[in-house]
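Visitor: Work out the full structure: start from the sequences and follow the hints.
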Amino acid sequence: MAAVHVTVWDDRVGGDRPSGAPGDAPAVFVHTIFTWGSDPAYGFAGQRPLAVGRRLLLMDRRGYGDSPDTARSDFEVDAGDIVEVLGGRDGATGPGGAHLVAHGNGAVAALIAAARRPDLVRSLALIQPSAFTAAAHHPVVAELLDRVRDAAPGIPEGVTPEQYLRASTEGLGMAMPEPTPRRLRAVATSMGERPVWEAEIPLAALRGGALPVLVICGTWEHAPAAYREHVGLPLMAVADALTDSLGGRLLRVPGYYPHTQEPAAVNAALREFWGR
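Taking the working numbering, the leading residue of the sequence shown gets 1, the next gets one more, and so forth.
Quick caveat, the hints were computed from the structure, so don't treat them as lab data.
Just to be clear, a hint being listed does not mean it is correct.
[Said to hold, decoys possible] Cβ-Cβ distance ranges computed for the label pairs, FRET-style:
#1 G275 / H137: 28 to 36 Å
#2 R271 / P139: 31 to 39 Å
#3 R271 / E170: 33 to 41 Å
#4 E272 / E200: 27 to 35 Å
#5 R194 / D11: 29 to 37 Å
#6 T160 / E198: 41 to 49 Å
#7 R149 / D24: 40 to 48 Å
#8 P224 / G87: 36 to 44 Å
#9 G87 / A264: 28 to 36 Å
Idealized CB from N, CA, C, for every residue including glycine.
Guide: See the structure below:
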(Lines of atoms letter the chains of each structure in order from A; the text may use other names.)
(Lines give C-alpha, C1' and ligand atoms only; values in the text may rest on other atoms or scores of the structure.)
Protein backbone atom coordinates (compact mmCIF):
# COMPACT_ATOMS: atom_id res chain seq x y z
CA MET A 1 0.00 0.00 0.00
CA ALA A 2 1.37 3.39 -1.01
CA ALA A 3 2.32 5.85 1.74
CA VAL A 4 0.23 8.54 0.04
CA HIS A 5 -3.39 8.80 -1.02
CA VAL A 6 -4.19 8.12 -4.67
CA THR A 7 -7.52 9.08 -6.24
CA VAL A 8 -8.40 6.65 -9.03
CA TRP A 9 -10.60 7.73 -11.93
CA ASP A 10 -11.63 5.10 -14.46
CA ASP A 11 -14.61 5.89 -16.67
CA ARG A 12 -13.95 3.25 -19.32
CA VAL A 13 -16.59 0.76 -20.27
CA GLY A 14 -15.51 -2.29 -18.30
CA GLY A 15 -13.14 -0.09 -16.33
CA ASP A 16 -12.02 -2.99 -14.13
CA ARG A 17 -10.15 -4.67 -16.97
CA PRO A 18 -6.36 -4.95 -16.54
CA SER A 19 -4.08 -2.19 -17.79
CA GLY A 20 -1.26 -4.25 -19.25
CA ALA A 21 -1.61 -3.39 -22.94
CA PRO A 22 0.60 -0.51 -24.13
CA GLY A 23 -2.38 1.51 -25.38
CA ASP A 24 -4.18 0.97 -22.10
CA ALA A 25 -1.45 2.03 -19.70
CA PRO A 26 -2.62 4.20 -16.79
CA ALA A 27 -1.43 7.75 -16.10
CA VAL A 28 -0.14 9.04 -12.77
CA PHE A 29 -0.60 12.76 -12.01
CA VAL A 30 1.49 14.73 -9.48
CA HIS A 31 0.34 18.20 -8.36
CA THR A 32 2.14 21.40 -7.39
CA ILE A 33 1.78 23.63 -4.28
CA PHE A 34 -1.48 24.93 -2.69
CA THR A 35 -3.46 22.02 -4.10
CA TRP A 36 -4.08 18.26 -4.34
CA GLY A 37 -4.67 15.77 -7.13
CA SER A 38 -8.39 16.21 -7.82
CA ASP A 39 -8.62 19.92 -6.99
CA PRO A 40 -10.56 21.97 -9.59
CA ALA A 41 -8.71 25.21 -8.81
CA TYR A 42 -5.08 24.16 -9.26
CA GLY A 43 -5.17 20.36 -9.55
CA PHE A 44 -6.23 17.97 -12.29
CA ALA A 45 -10.04 18.04 -12.17
CA GLY A 46 -9.99 19.33 -15.76
CA GLN A 47 -8.28 16.12 -16.86
CA ARG A 48 -11.18 13.89 -15.78
CA PRO A 49 -12.30 13.41 -19.45
CA LEU A 50 -9.08 11.46 -20.00
CA ALA A 51 -10.46 8.75 -17.71
CA VAL A 52 -12.76 7.66 -20.54
CA GLY A 53 -9.69 6.24 -22.27
CA ARG A 54 -7.55 4.95 -19.41
CA ARG A 55 -7.22 4.72 -15.65
CA LEU A 56 -5.98 7.94 -14.03
CA LEU A 57 -4.18 7.93 -10.68
CA LEU A 58 -4.04 11.33 -8.97
CA MET A 59 -1.47 11.30 -6.20
CA ASP A 60 -1.79 13.61 -3.19
CA ARG A 61 1.70 14.49 -2.05
CA ARG A 62 2.41 14.22 1.68
CA GLY A 63 0.71 17.01 3.60
CA TYR A 64 -1.81 17.60 0.81
CA GLY A 65 -5.33 16.36 0.10
CA ASP A 66 -6.01 13.03 1.76
CA SER A 67 -2.38 12.06 2.30
CA PRO A 68 -0.90 12.04 5.82
CA ASP A 69 0.76 15.06 7.37
CA THR A 70 4.48 15.57 7.03
CA ALA A 71 6.98 17.54 9.07
CA ARG A 72 8.35 19.02 5.85
CA SER A 73 7.37 18.41 2.25
CA ASP A 74 10.44 17.32 0.30
CA PHE A 75 10.83 16.59 -3.42
CA GLU A 76 13.20 13.67 -2.68
CA VAL A 77 10.57 12.01 -0.48
CA ASP A 78 7.87 12.75 -3.05
CA ALA A 79 10.03 11.10 -5.71
CA GLY A 80 10.12 7.93 -3.63
CA ASP A 81 6.35 8.03 -3.26
CA ILE A 82 5.94 8.47 -7.02
CA VAL A 83 8.14 5.45 -7.67
CA GLU A 84 6.02 3.44 -5.24
CA VAL A 85 2.82 4.44 -7.03
CA LEU A 86 4.37 3.76 -10.44
CA GLY A 87 5.51 0.37 -9.23
CA GLY A 88 1.93 -0.61 -8.64
CA ARG A 89 2.42 -2.15 -5.21
CA ASP A 90 -1.26 -1.47 -4.55
CA GLY A 91 -2.22 -3.07 -7.86
CA ALA A 92 -3.47 0.19 -9.35
CA THR A 93 -1.04 0.68 -12.23
CA GLY A 94 -0.72 -2.88 -13.45
CA PRO A 95 2.44 -4.25 -15.09
CA GLY A 96 4.87 -2.03 -16.93
CA GLY A 97 4.45 1.22 -15.06
CA ALA A 98 2.49 4.23 -16.28
CA HIS A 99 2.56 7.55 -18.08
CA LEU A 100 3.68 10.27 -15.66
CA VAL A 101 2.21 13.80 -15.70
CA ALA A 102 3.36 16.43 -13.22
CA HIS A 103 2.92 20.15 -12.61
CA GLY A 104 5.14 22.80 -11.03
CA ASN A 105 6.95 21.61 -7.91
CA GLY A 106 5.47 18.16 -8.44
CA ALA A 107 7.35 18.00 -11.73
CA VAL A 108 10.66 18.34 -9.87
CA ALA A 109 9.83 15.20 -7.90
CA ALA A 110 8.62 13.49 -11.07
CA LEU A 111 11.90 14.19 -12.87
CA ILE A 112 13.84 12.65 -10.00
CA ALA A 113 11.50 9.64 -9.87
CA ALA A 114 11.77 9.07 -13.63
CA ALA A 115 15.57 9.14 -13.41
CA ARG A 116 15.50 6.61 -10.58
CA ARG A 117 13.17 4.16 -12.31
CA PRO A 118 12.82 4.88 -16.03
CA ASP A 119 11.60 1.33 -16.49
CA LEU A 120 8.38 2.29 -14.70
CA VAL A 121 7.74 5.42 -16.79
CA ARG A 122 6.20 5.04 -20.24
CA SER A 123 6.30 8.79 -20.92
CA LEU A 124 6.89 12.01 -19.03
CA ALA A 125 4.66 15.08 -19.42
CA LEU A 126 5.75 18.19 -17.51
CA ILE A 127 3.36 21.11 -17.03
CA GLN A 128 5.30 24.29 -16.27
CA PRO A 129 7.98 22.43 -14.29
CA SER A 130 9.65 24.40 -11.50
CA ALA A 131 13.00 22.78 -12.26
CA PHE A 132 14.88 26.08 -12.07
CA THR A 133 18.34 24.61 -11.55
CA ALA A 134 18.03 22.86 -14.91
CA ALA A 135 17.98 26.31 -16.54
CA ALA A 136 20.30 28.18 -14.18
CA HIS A 137 22.29 29.45 -17.17
CA HIS A 138 19.34 31.48 -18.45
CA PRO A 139 19.48 35.14 -17.35
CA VAL A 140 15.91 35.37 -16.01
CA VAL A 141 16.30 32.10 -14.11
CA ALA A 142 19.71 33.11 -12.77
CA GLU A 143 18.16 36.36 -11.55
CA LEU A 144 15.36 34.44 -9.82
CA LEU A 145 17.79 32.06 -8.15
CA ASP A 146 19.97 34.93 -6.96
CA ARG A 147 16.91 36.70 -5.57
CA VAL A 148 15.53 33.75 -3.63
CA ARG A 149 18.90 32.57 -2.37
CA ASP A 150 19.81 36.03 -1.11
CA ALA A 151 16.43 36.59 0.53
CA ALA A 152 15.88 36.16 4.26
CA PRO A 153 15.22 32.46 4.92
CA GLY A 154 11.69 31.27 5.41
CA ILE A 155 8.41 33.11 5.82
CA PRO A 156 8.09 35.85 8.45
CA GLU A 157 6.90 34.54 11.80
CA GLY A 158 3.21 34.97 12.43
CA VAL A 159 2.09 34.84 8.79
CA THR A 160 -0.96 32.56 8.62
CA PRO A 161 -1.75 30.23 5.71
CA GLU A 162 -4.71 32.43 4.76
CA GLN A 163 -2.52 35.54 4.71
CA TYR A 164 0.07 33.72 2.64
CA LEU A 165 -2.57 32.46 0.20
CA ARG A 166 -3.97 35.98 -0.18
CA ALA A 167 -0.53 37.50 -0.78
CA SER A 168 0.30 34.78 -3.31
CA THR A 169 -2.89 35.33 -5.31
CA GLU A 170 -4.57 38.69 -4.75
CA GLY A 171 -1.15 40.20 -4.06
CA LEU A 172 -0.18 39.30 -7.63
CA GLY A 173 -3.45 40.33 -9.24
CA MET A 174 -5.24 36.95 -9.26
CA ALA A 175 -8.41 35.70 -7.60
CA MET A 176 -7.94 33.88 -4.30
CA PRO A 177 -9.65 30.48 -4.01
CA GLU A 178 -11.95 29.94 -1.04
CA PRO A 179 -9.79 29.46 2.07
CA THR A 180 -11.34 26.15 3.12
CA PRO A 181 -9.60 24.02 5.76
CA ARG A 182 -8.45 21.67 3.01
CA ARG A 183 -6.97 24.55 1.01
CA LEU A 184 -5.31 26.12 4.05
CA ARG A 185 -3.74 22.80 5.00
CA ALA A 186 -2.26 22.60 1.50
CA VAL A 187 -0.98 26.17 1.82
CA ALA A 188 0.53 25.44 5.23
CA THR A 189 2.38 22.47 3.78
CA SER A 190 3.55 24.60 0.86
CA MET A 191 4.88 27.26 3.23
CA GLY A 192 7.26 24.73 4.74
CA GLU A 193 8.13 22.87 1.55
CA ARG A 194 11.79 22.29 0.77
CA PRO A 195 12.78 24.90 -1.87
CA VAL A 196 12.88 23.46 -5.37
CA TRP A 197 16.04 25.44 -6.13
CA GLU A 198 17.84 22.95 -3.89
CA ALA A 199 17.00 20.15 -6.33
CA GLU A 200 19.64 18.73 -8.64
CA ILE A 201 17.80 17.66 -11.77
CA PRO A 202 19.37 14.40 -13.07
CA LEU A 203 19.40 15.40 -16.73
CA ALA A 204 22.05 12.88 -17.81
CA ALA A 205 20.17 9.97 -16.27
CA LEU A 206 16.93 11.14 -17.85
CA ARG A 207 18.54 11.36 -21.26
CA GLY A 208 19.94 7.88 -20.72
CA GLY A 209 16.45 6.58 -20.02
CA ALA A 210 15.34 7.74 -23.49
CA LEU A 211 11.86 8.62 -22.24
CA PRO A 212 9.37 10.40 -24.48
CA VAL A 213 9.00 13.91 -23.00
CA LEU A 214 6.29 16.52 -23.49
CA VAL A 215 6.66 19.96 -21.88
CA ILE A 216 3.53 22.12 -21.61
CA CYS A 217 3.83 25.83 -20.91
CA GLY A 218 1.52 28.82 -20.97
CA THR A 219 2.14 31.84 -23.15
CA TRP A 220 1.60 34.22 -20.20
CA GLU A 221 0.73 37.25 -22.32
CA HIS A 222 -2.43 38.05 -20.37
CA ALA A 223 -1.12 37.13 -16.91
CA PRO A 224 -0.94 39.79 -14.18
CA ALA A 225 2.25 41.76 -14.82
CA ALA A 226 3.96 40.97 -11.51
CA TYR A 227 3.14 37.27 -11.79
CA ARG A 228 4.44 37.14 -15.35
CA GLU A 229 7.66 38.94 -14.49
CA HIS A 230 8.58 37.07 -11.34
CA VAL A 231 7.17 33.63 -12.13
CA GLY A 232 6.11 33.34 -15.76
CA LEU A 233 9.34 34.39 -17.47
CA PRO A 234 11.49 31.95 -15.44
CA LEU A 235 9.00 29.12 -15.99
CA MET A 236 8.98 29.70 -19.73
CA ALA A 237 12.78 29.64 -19.73
CA VAL A 238 12.78 26.36 -17.78
CA ALA A 239 10.31 24.86 -20.26
CA ASP A 240 12.57 25.77 -23.17
CA ALA A 241 15.69 24.46 -21.42
CA LEU A 242 14.17 21.13 -20.39
CA THR A 243 12.73 20.57 -23.84
CA ASP A 244 16.17 21.07 -25.36
CA SER A 245 18.02 19.07 -22.70
CA LEU A 246 15.69 16.06 -22.85
CA GLY A 247 14.96 16.11 -26.57
CA GLY A 248 11.28 16.63 -25.87
CA ARG A 249 8.40 18.38 -27.52
CA LEU A 250 7.20 21.78 -26.30
CA LEU A 251 3.54 22.78 -26.38
CA ARG A 252 2.57 26.38 -25.65
CA VAL A 253 -1.04 27.13 -24.77
CA PRO A 254 -2.72 30.45 -23.93
CA GLY A 255 -2.80 31.56 -20.32
CA TYR A 256 -0.64 30.79 -17.33
CA TYR A 257 -2.25 27.67 -15.82
CA PRO A 258 -2.44 25.40 -18.86
CA HIS A 259 -4.32 22.38 -17.54
CA THR A 260 -6.99 24.39 -15.69
CA GLN A 261 -7.41 27.32 -18.08
CA GLU A 262 -7.12 25.29 -21.31
CA PRO A 263 -8.00 21.73 -20.29
CA ALA A 264 -9.31 20.72 -23.72
CA ALA A 265 -6.05 21.67 -25.42
CA VAL A 266 -3.94 19.98 -22.76
CA ASN A 267 -6.08 16.84 -22.76
CA ALA A 268 -5.90 16.58 -26.54
CA ALA A 269 -2.12 16.92 -26.39
CA LEU A 270 -1.85 14.23 -23.73
CA ARG A 271 -4.06 11.84 -25.72
CA GLU A 272 -1.87 12.34 -28.79
CA PHE A 273 1.31 12.01 -26.74
CA TRP A 274 0.09 8.76 -25.19
CA GLY A 275 -0.81 7.39 -28.59
CA ARG A 276 -4.62 7.33 -28.46
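Visitor: Just to be sure I understand the hint, the distance between the Cβ atoms of P224 and G87 should be within 36 to 44 Å; is that true here?
Guide: holds (41 Å)
Visitor: Between E272 and E200, does the beta-carbon spacing fit 27 to 35 Å?
Guide: holds (32 Å)
Visitor: So the hint says 33 to 41 Å: do the beta-carbon atoms of R271 and E170 match that?
Guide: holds (35 Å)
Visitor: Looking only at beta-carbon atoms, does the pair R194, D11 fall within the given range of 29 to 37 Å?
Guide: Between R194 and D11, where Cβ atoms are some 35 Å apart, the hint holds.
Visitor: Check the following: the C-beta atoms of R149 and D24 are separated by a distance inside 40 to 48 Å.
Guide: holds (45 Å)
Visitor: Between R271 and P139, is the Cβ distance one that fits in 31 to 39 Å?
Guide: holds (36 Å)
Visitor: Range first: 41 to 49 Å. Now tell me if the beta carbons of T160 and E198 are that far apart.
Guide: violated (25 Å)
Visitor: The hint says 28 to 36 Å between G275 and H137; measuring C-beta to C-beta, is that right?
Guide: holds (34 Å)
Visitor: For G87 and A264, compare the CB-CB distance with the range 28 to 36 Å and indicate the outcome.
Guide: Between G87 and A264, where Cβ atoms are some 32 Å apart, the hint holds.
When held up to the earlier numbered hints, the structure conflicts with hint 6 and nothing else.
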